[in-house]
Amino acid sequence: MSRFKTAYLCPRHTGITMEFLFIGFFILSSALILAVPAGRKHLISGIPLLVLLVISSWVAMPAVFSEESSRFLFRIPLTGMKTVVFSIDALSGFFILTVNFNALTTYLFAGTSLAGHLNHHRPIWISVHYLSFLLLHASMLLVCTQQSAFPFLLSWELMTLSSFLLVIFDHTSRTNLKTGINYLVQMHLSMFLLLMAFLVSGEKGSYGFDSLPAFFATHREFPLFLLFFAGFGIKAGMIPFHTWLPDAHPSAPSHVSGFMSGVMIKMGIYGIFRVISAVQHDFLTIGIFVLVISLATGIYGVLQAIVQHDLKKLLAYHSIENIGIIGTGIGLGSIGLATHNKDLALLGFAGGLLHVLNHSLFKSLLFFAAGNVCNATRTRIIDRMGGLAKKMPFTAFFFLLGSLSICGLPPFNGFISEYLLYLGMILNIHQAGFYGSIGLIMAILGLTLIGGLAVFCFTKAFGIAFLGTARSDACKLAVEPPPPSFTGLMLITAMIIAIGFAPVVFVKPLLSAVNATFIPVAPATLTPLLQNLGMISLSGGIFVLLVVGIFLLRRLFSAPRTKSVAPTWACGFHAPSARMQYTATSYADNVAGLSGALVSLNKEMKQISPGEIFPEPANFTSHPVEKLEEWLVNRPFTALRRLLRRIAFLQTGQIRHYILYPFLFLLLIFFLTLLNLL
Amino acid sequence: MTLVSALIIPGIIIRTKSLCSGRKGPALFQPLFDAGVLLRKGVVLSPVTTLVFRIAPSVSLASVLTAVLLVPMGRQDALLSFSADFVYFTYILALGRFFMILAALDTGSSFEGMGANREALYSLLVEPVFLLLLGTYAMFTGYTSFSEIFSHFYFSNNYAFIAGILGFYLLIQIAMVENSRLPVDDPKTHLELTMVHEVMILDYSGPDLAIIHFSTWIKFALYGALVSNSLVPSGWPVALQTGLFLLLQLSFGIIIGLLESFRARNKMTKNPQFILTLTAIALLVFTIMLLSSYMSSK
Numbered sequence: 008m009s010r011f012k013t014a015y016l017c018p019r020h021t022g023i024t025m026e027f028l029f030i031g032f033f034i035l036s037s038a039l040i041l042a043v044p045a046g047r048k049h050l051i052s053g054i055p056l057l058v059l060l061v062i063s064s065w066v067a068m069p070a071v072f073s074e075e076s077s078r079f080l081f082r083i084p085l086t087g088m089k090t091v092v093f094s095i096d097a098l099s100g101f102f103i104l105t106v107n108f109n110a111l112t113t114y115l116f117a118g119t120s121l122a123g124h125l126n127h128h129r130p131i132w133i134s135v136h137y138l139s140f141l142l143l144h145a146s147m148l149l150v151c152t153q154q155s156a157f158p159f160l161l162s163w164e165l166m167t168l169s170s171f172l173l174v175i176f177d178h179t180s181r182t183n184l185k186t187g188i189n190y191l192v193q194m195h196l197s198m199f200l201l202l203m204a205f206l207v208s209g210e211k212g213s214y215g216f217d218s219l220p221a222f223f224a225t226h227r228e229f230p231l232f233l234l235f236f237a238g239f240g241i242k243a244g245m246i247p248f249h250t251w252l253p254d255a256h257p258s259a260p261s262h263v264s265g266f267m268s269g270v271m272i273k274m275g276i277y278g279i280f281r282v283i284s285a286v287q288h289d290f291l292t293i294g295i296f297v298l299v300i301s302l303a304t305g306i307y308g309v310l311q312a313i314v315q316h317d318l319k320k321l322l323a324y325h326s327i328e329n330i331g332i333i334g335t336g337i338g339l340g341s342i343g344l345a346t347h348n349k350d351l352a353l354l355g356f357a358g359g360l361l362h363v364l365n366h367s368l369f370k371s372l373l374f375f376a377a378g379n380v381c382n383a384t385r386t387r388i389i390d391r392m393g394g395l396a397k398k399m400p401f402t403a404f405f406f407l408l409g410s411l412s413i414c415g416l417p418p419f420n421g422f423i424s425e426y427l428l429y430l431g432m433i434l435n436i437h438q439a440g441f442y443g444s445i446g447l448i449m450a451i452l453g454l455t456l457i458g459g460l461a462v463f464c465f466t467k468a469f470g471i472a473f474l475g476t477a478r479s480d481a482c483k484l485a486v487e488p489p490p491p492s493f494t495g496l497m498l499i500t501a502m503i504i505a506i507g508f509a510p511v512v513f514v515k516p517l518l519s520a521v522n523a524t525f526i527p528v529a530p531a532t533l534t535p536l537l538q539n540l541g542m543i544s545l546s547g548g549i550f551v552l553l554v555v556g557i558f559l560l561r562r563l564f565s566a567p568r569t570k571s572v573a574p575t576w577a578c579g580f581h582a583p584s585a586r587m588q589y590t591a592t593s594y595a596d597n598v599a600g601l602s603g604a605l606v607s608l609n610k611e612m613k614q615i616s617p618g619e620i621f622p623e624p625a626n627f628t629s630h631p632v633e634k635l636e637e638w639l640v641n642r643p644f645t646a647l648r649r650l651l652r653r654i655a656f657l658q659t660g661q662i663r664h665y666i667l668y669p670f671l672f673l674l675l676i677f678f679l680t681l682l683n684l685l
Numbered sequence: 004m005t006l007v008s009a010l011i012i013p014g015i016i017i018r019t020k021s022l023c024s025g026r027k028g029p030a031l032f033q034p035l036f037d038a039g040v041l042l043r044k045g046v047v048l049s050p051v052t053t054l055v056f057r058i059a060p061s062v063s064l065a066s067v068l069t070a071v072l073l074v075p076m077g078r079q080d081a082l083l084s085f086s087a088d089f090v091y092f093t094y095i096l097a098l099g100r101f102f103m104i105l106a107a108l109d110t111g112s113s114f115e116g117m118g119a120n121r122e123a124l125y126s127l128l129v130e131p132v133f134l135l136l137l138g139t140y141a142m143f144t145g146y147t148s149f150s151e152i153f154s155h156f157y158f159s160n161n162y163a164f165i166a167g168i169l170g171f172y173l174l175i176q177i178a179m180v181e182n183s184r185l186p187v188d189d190p191k192t193h194l195e196l197t198m199v200h201e202v203m204i205l206d207y208s209g210p211d212l213a214i215i216h217f218s219t220w221i222k223f224a225l226y227g228a229l230v231s232n233s234l235v236p237s238g239w240p241v242a243l244q245t246g247l248f249l250l251l252q253l254s255f256g257i258i259i260g261l262l263e264s265f266r267a268r269n270k271m272t273k274n275p276q277f278i279l280t281l282t283a284i285a286l287l288v289f290t291i292m293l294l295s296s297y298m299s300s301k
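Chains as they are written, first to last, in the working numbering: chain A, 8 to 685; chain B, 4 to 301.
Worth double-checking, as some hints may not be accurate.
Facing chain B, from chain A, some residues (calculated, C-beta under 8 Å) [what the hints assert, rightly or not]: (1) 415; (2) 475; (3) 589; (4) 670.
Source of the hints: derived by calculation from the structure; they are not laboratory data. Virtual Cβ for every residue (Gly too), placed ideally from N, Cα, C.
Could you build all of it, start to finish, from the sequences and the hints given here?
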C-alpha cells in the first residue's frame, strides 16, 4: 500500500561535493564553537542547529502532510562506499518535526540555563556540552530516518553517548557522575537487547525494520516483540525499566532534562510504533500486554511523583506517567486492530501520537520553568520554596500553564490527546464484546485515576512551591531571569494554546498519517470525529469568555466598595510564620498512605525521650524509596557482586597466570574435540 | 432550567433540615438574600495572596457554567452535545477545582492547605466513580453523549432496573461528595480543623464569596439534573417536561435535606474508604449491566 518515492538529494556526479560540503560545514562549525570564548558559544552553536533544523523539517513536512501514504527516500552517495539512505514516512516525519520544535525551544532556553555555570566550568567543557547537544539532536533525526539495523543502532548509540555527556555536565558532583554511569549502563542493556532483536529477525545481509514484516508473517510474533519492547522500553522509561530516569533528569541541567524528557525518551516510543506497524497478526496479545504495562506505568509513575520532595524528580516521574498514557494509546490501538474496531485503532494510535507531541511541549515547559526556579533558589526541594509567584511571576505563569495541560485539563492541549483516547474507548465499549467491555472499562478507570492523581500532584507542586510565603531565605531573594530568556517558553505556550483551542488543525493530518501507517482501509468516520473536536474548541471558547466576563463583573461589583488588606485567617492568631504553612510532604501523606505497598517512605525521627531534662532538638526526615529499583536493580546486582567476589581469586595480577588460562582453555578445547564432545 | 432550580435548592435543603430538627428555619430564598448582601460588601484580601486567589472563583463559576451547557434538561438536548462529552464535563469541573485548591494554598494558611489536600484527595477518588458509571451507561445504551444517553435510557429488563436503582444511589452520593456535603463533609461545621470545602474558602469575602456560593449551588443543581433527567419521560410535551423536571429538582433538594438530617458525618480517616465503596458499587453496576446486555442478546 505504501508507495516509495525516491529522491536523490543531489545528482550522482555532484555527490562528492555535497558530501564534502556537509561534512566540511559541520567540522567548521564545531571548530568555531571550540574557538570562540565561552560567552559566544551559545550564539555560534545556533548556526549548525538551525541549518539542520530547517533542512530536516523541510524534508519531513511533505511526508506528514501528504494525503496518501508515501515514503520518501533520500540517497546521498558516499565516495567509494554504499549510498546512505534516509527514509522518511509519516511516522518518522511526525517525530522529526516534534524533535525539531523541541530542539529549537531547548536551544533558546539553554543560554539562560547555563548562564550561572559559565564561570564554574572550563570553556572546553562548555564547548563539549554544546557539541553533544548538537550531536544529540542530529542523532535523534538519524534514529527517525534509518531503516536498516546497523545505521539505526549506530545512531542509537550516538544518542546515548551524547546524552550521557549532557547528563554529567555538572561533573563535580559525585552523585551526578554515578547517575550518569547508571544511565550509560542501562542504555547499553537496551542497545544489546535491540541488537539481539535485529539479529534474530533479519535475514543474512538485510537486517532492519524492513525485514520485520516478513519475519513476523512466518514466526510467532510475541517473543520478538517482547525483545524489542524491552529494548525500546528502557529508553522510554516503561516500568520496570524506568529506574534510570528519575535519577538522570534531576542530575542534568534543566534544559537538558527538558530535551531528554520531551523528545529523547520518545525515541523508545518511536521504536515501539515502528515495530507495531510491522506486526502482522498477533495484535491482541501485544495490545493487551502493552495496555496493561502502560496503565501500570502511568499509575506507578504518578504515585511516585506525588511523594517526591525534589521538584525535578517529581517532573521526571511524571514523564514515566505520560509514557504510560502514550503506551495506553498504543495498546488500545493494537487491540482495535485485532478486533477490527477501526475507530478504536485510529483514535488509540492518534491519541498516543498526539500525546507524544503534547508531552514534549508541556514537559519541556515545566522543566524550563523548574530550571528557572532551581537556579533562583539554589534548591530543588519543594518544601524549601514557597511564595515564588510574587518574585517570579512569568515563571509561575509558565509553570501553571504546564501544570494545567499536563493534568489533561481543558481547554489546553493535554486534554485533546486524552480525550481522543477516551473517545476511542467510549465509542467502542458498546460493541466490544464481553471481555472487551471489561478491558475498556478498566482502561477508563485507570486513565481517570491517572488524571486525578496528576491533578493532586500538580496542585501540590505549584501550590507549595509558588504560592504561600517563602520558606527559606534563598526564596525571598529569588529573582526572575531577564525577559529574553522566555522566548522558547512563549513559543511552547503558543503551541499549547493552539492545540488546545484548534485541535482540528493538528488532529486532521495526524489521523490521516495514522490511517496511512497502521490501518489498511480508511474508515468513513473521520468527519464526526472532527466535528467533536470542533465542539471542544467551541466549549473552550465559551469557557474563556465566561471566565473573562465573570472576572470583569466581579471587578464591577467590587470596584466601588472598600478594599482592605488583612492577614490570612489563622483562628485569630496573628503572627503566623512561614513554617506553619502546609508542606508538600504532608500534602502527599494521605495518598501515600492509601497507595500501600506501591509507595514507601523511609522515615527517620529522633524523638525527645520522656525522662530527658535537657532535651536536644528533635527532628524528622523522610525519603521516598524506589522499591522497584531496590528489588530489580540493586538486590540482583549486589548478589552478582557477591558471587563475582568469590571467583576473584583467579585475578592474581601475575602475568604468568593470565597466560596459563588461555592455555588451559586451548587444552580443554583440544580434549573435547578429541573425545568428539564438541 | 438548571440555573433556575439552582436558585431554590439550597433554600429547600436548609428548610428541610430545619423542619426535621424541629425548627422553623429561614425563608426559602434566604441564601439568595445572603449572596445579595455579599455582592454589596467590600473585599478583604490577605497580603500573601496573588492573582490566582482573585481569579479562582471566576474560573470555578465559569467551569460550572460550561458544564451546565453540556447537561440536557429533561429530554431536551443539551446546548452543547458531542461524543464523550461527559469526559469533558468531568475535566472542566476538575479545572475549576484545580483553581480553588490553588487559591486555598495561595493564602499560606495551614488550615486551608489541609482543606485543599482533602478536597484534592476526595475528588480524585470520586472522579473514577462518575466516569465508570457514565462509561457503563454508554456501554449499555450504545450512545456516547449526555443527551443521547439520557434520551435512550430505559429499563429494558430486571437487571437494568436493579442497575438503574444503584445508579441513582451512586449519582446522589457522587453529588454529595463532589459538593462537600454529608457524610464526607459538613457544610455547617464550625471548627476549621474538621472542614473540607468551608476551610478552603475561609479567606474569601464579598463578591468573591458570593461567586463561590453561586458555583456551589449550580454545581449541586447540575448533579440533581443528572438524576432528574433519567426520570422524565420523553413522550411528553416540552412544558410538561419542564414542569416535571422542576418538580424532580425540588424533590432532589428535599431528599438531600432528609439524607443530611438523619445521617452522621464520617470520621475524616474513613472518608477514602467510603468513596472507594462507591467505586465498588459502580463496578457492581457495570457487572450487572454487562450481564444484562449479554443475557438479553441470547
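Hint check:
1. 415: Status holds, d = 6 Å.
2. 475: Hint on residue 475 of chain A: holds, closest Cβ of chain B at ~4 Å, below 8 Å.
3. 589: holds, 2 Å
4. 670: Cβ of residue 670 of chain A sits 68 Å from chain B, so the hint is violated.
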